[in-house]
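Chemist: One-letter residues, chain by chain:
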Amino acid sequence: EVQLVESGGGLVQPGRSLRLSCTASEFTFRHYAVSWVRQAPGKGLEWVGFIRPTIYGGTTEYDASVKGRFTISRDDSKSVVYLQMNSLKIEDTAVYYCARIFMATIPQPYYYGMDVWGQGTTVTVS
Amino acid sequence: IQLTQSPSSLSASVGDRVTITCRASQGISTSLTWYQQKPGKAPKILIYETSTLQSGVPSRFSGSGSGTDFTLTISSLQPEDFATYYCQQVNSYPSTFGGGTKVEIK
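Going down the list, the sequences are from chains C and H.
Those letters in the first sequence? Residues 2 to 127, by my numbering.
Those letters in the second sequence? Residues 1463 to 1568, by my numbering.
Rather than coming from a laboratory, the hints here were simulated on the basis of the structure.
Every value quoted in this text rests on a predicted model; they were computed, and no experiment measured them.
All the given hints hold, so there is nothing to weed out.
Residues from chain H that keep clear of chain C, each with C-beta distances beyond 12 Å, as calculated: (1) S1521; (2) S1528; (3) S1537; (4) S1538.
When the alpha-carbon atoms are kept at most 30 Å apart in a straight line, the in silico DSSO-like pairs for lysine-lysine are as follows: (5) K68/C to K1506/H; (6) K90/C to K1503/H; (7) K68/C to K90/C; (8) K1564/H to K90/C; (9) K1506/H to K90/C; (10) K1568/H to K44/C; (11) K79/C to K1506/H; (12) K44/C to K1500/H; (13) K1503/H to K79/C; (14) K44/C to K1503/H.
Using N, Cα and C, we set each Cβ at its ideal position, and we do this for glycine too.
With these hints in hand, go ahead and build the complete structure from the sequences.
Modeler: Printed below as a string of structure tokens:
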């Protein structure tokens, strides 16, 4: 079964760091971009950032609210994407989802949306 | 780019036709995706590129629009459609979501 599984969530104090992992299975991980999306309690979805496939440089984009504090990286050999979260704030409290982005490659990379999602992992900053 | 969804919530009955709108603060061509989320669950993609139905999604869901104004329509609401719906623009980064529309049972 194609799936993503997040791990690494928990309770952390403001100003501290936490690293989330997103482990993929049953698809060719290196061909896909992966996003992180979060949802604060009782709130809507918030896009955090994404990482392109390695073939397209493995570069990243971030929302302004996390830029400079969060870093997304990938290890294609392990089929894992990481979200390193530093200088955590109370407002970072949320369920964090990773999601596979499906894309077109011709004539140039174009990212349509997120078709496979993990179950989410909860981060509480308090 | 800001996305404004309306209404933020609505009450409807099984069999009703439901329309949700998503307005972008600037033109995004047709780079809009719709998701459905049920309580305690991850979102599920419904439609991408404004109007293309994701595989396995019932044909009662449809999308339209371009530029700044988009709609998601459910032609005949079914019990399993009661959920929150989000639009997302993928035209430029940072990508953004609309605030969501909660569809409740009347």
